[in-house]
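Number of protein chains: 2
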Amino acid sequence: MTYCVGLLVKEGLVLISDTRTNAGIDNIASFRKLHLFEAPDRMLAIASSGNLSITQAVIGLLSEGFANPETGETETLSKATSMFHAAQLVGQAVREVYRIDGPSLEQHDTRFEISLLLGGQINGRRLRLFMIYSAGNFIEATSDTPFLQIGEHKYGKPVLDRAVKYETEIYDALKIGLISMDSTMRSNLAVGLPIDILVLKRDTLTPELSYRITSEDTYFSDLRHRWSEALREAHLAIPKPPYRTNVKR
Amino acid sequence: MTYCVGLLVKEGLVLISDTRTNAGIDNIASFRKLHLFEAPDRMLAIASSGNLSITQAVIGLLSEGFANPETGETETLSKATSMFHAAQLVGQAVREVYRIDGPSLEQHDTRFEISLLLGGQINGRRLRLFMIYSAGNFIEATSDTPFLQIGEHKYGKPVLDRAVKYETEIYDALKIGLISMDSTMRSNLAVGLPIDILVLKRDTLTPELSYRITSEDTYFSDLRHRWSEALREAHLAIPKPPYRTNVKR
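Chains as they are written, first to last, in the working numbering: chain A, 1 to 249; chain B, 1 to 249.
Since the hints were made in silico from the structure, they are not lab data. One or more of the hints may lead you astray.
For chains that are exact copies, the list does not tell them apart, and a pair is met inside one copy or across any two.
What the hints assert, rightly or not - Straight-line C-alpha distance at most 30 Å; calculated DSS-like pairs for lysine-lysine:
#1 79 with 10
#2 240 with 201
#3 165 with 79
#4 240 with 10
#5 201 with 165
#6 165 with 10
Please put together the full structure from these sequences, using the hints given.
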């Protein structure tokens with residue numbers, strides 16, 4: 001399992017990804033799922049969820065290049081002319097891996113499962129955040145719903161629904177994303193540390209922050225503890241239900 | 001969809017259930033999913049999730065009686081000699097509905113989906129809480145994990161994981177259960193008001209509270225508002241990530 005969340009706020013982009021992979025509960029490993037594509041004129045990042053062989057194949061094709069089925073030209077993310085174009089290329093890479101591996105996976109009853117977050121900016125174009133599905137189609141985050149999640153998304157969604165707005169300050173967005181990750185890690189053992197994070201301010205084309213949070217990270221431990229305590233205090237502060245004296249049978 | 005949660009704490013049992021059912025997103029209705037079986041010597045309650053025709057058939061069999069396939073005797077919940085026996089009877093009723101309806105449902109590509117919470121007490125026996133699956137097998141809540149959920153359980157699980165202990169005061173347990181329901185309702189439109197609640201104190205055999213929360217309920221509106229505000233304050237009170245000055249590339 002995996003949990004990744006992308007937040008596109010006014011100031012910029014935040015991407016957060018765990019690193020745990022598992023093939024069955026007895027085969028757990030740690031793999032980086034947050035991949036950066038950096039160049040002087042662009043800064044793109046992909047967070048991946050799904051079958052690890054499929055996600056790694058897609059990232060491989062996007063880095064090394066793959067033949068465009070329509071033009072025959074070799075495509076890589078470095079050739080994308082806009083973020084929309086980049087999302088199309090990621091979708092094409094997903095379809096290419098499906099063309100190559102899909103039938104064999106099906107023979108072994110393995111579902112072709114992948115979902116990706118693609119965020120970033122190309123010089124002169126807009127900072128954007130997309131989610132790409134197994135079929136290669138994609139959607140985009142907008143100011144109405146400025147976050148997208150992939151993987152085990154339900155546990156960590158309530159706090160995002162409540163707290164994240166397009167106007168949220170970018171390091172607050174990072175903080176809320178980390179709280180969302182914490183909620184997910186507590187409820188699903190298949191999501192775990194270390195956590196990779198990326199902060200990309202709008203129109204800078206270079207990460208302000210690219211960091212790995214490990215189990216020794218004192219800030220994240222403190223965040224987890226404070227959030228637990230705050231939730232405890234929050235529900236204690238709510239009055240008890242008054243229904244006791246108002247029985248309807 | 002449905003969300004129901006049962007909490008078995010030291011003082012007694014809490015059951016909370018929404019009432020929304022849907023056959024597709026364009027066919028939404030309200031049905032009671034919290035069913036009480038009351039008698040002088042017992043107080044049992046069942047909360048149900050899954051295909052509505054299946055859950056109603058199971059409740060029907062348990063009320064009107066069904067032939068025990070092993071003994072031929074007519075079984076109803078009123079004959080259960082203990083809560084464990086009651087859970088067995090509920091499992092048998094599920095299997096009986098599967099025997100009758102399963103093959104036809106399969107012909108129409110409809111999955112036989114049901115899960116049930118059974119809680120209550122029979123005079124002279126222990127107060128217990130069970131979850132019964134589609135196969136008629138079941139598990140029991142214990143003091144290690146004093147809550148069980150059915151239906152859309154993920155959104156509302158983090159707050160339960162953090163806040164509910166066996167020693168939690170019973171009306172606090174109700175409050176936390178309502179917060180869990182609120183988180184679920186915010187993130188899944190297929191879970192909605194009204195909410196039915198039951199509070200059964202240990203060794204009383206009669207509900208202290210059996211109540212329906214509607215959209216006009218001022219306490220529940222206030223709880224939703226306070227919880228949102230408290231979460232907002234809670235994450236604002238956590239310091240911002242210090243990683244800005246500590247970039248690892």
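Hint by hint, here is what the structure shows:
1. 79 with 10: within (26 Å within a copy, 64 Å between copies)
2. 240 with 201: Intra 44 Å, inter 16 Å, cutoff 30 Å: inter-copy only.
3. 165 with 79: Intra 32 Å, inter 55 Å, cutoff 30 Å: neither.
4. 240 with 10: between (39 Å within a copy, 17 Å between copies)
5. 201 with 165: within (16 Å within a copy, 43 Å between copies)
6. 165 with 10: Classified as within; 9 Å inside a copy, 41 Å across copies.
Of the hints listed earlier, the one the structure fails to meet is number 3.
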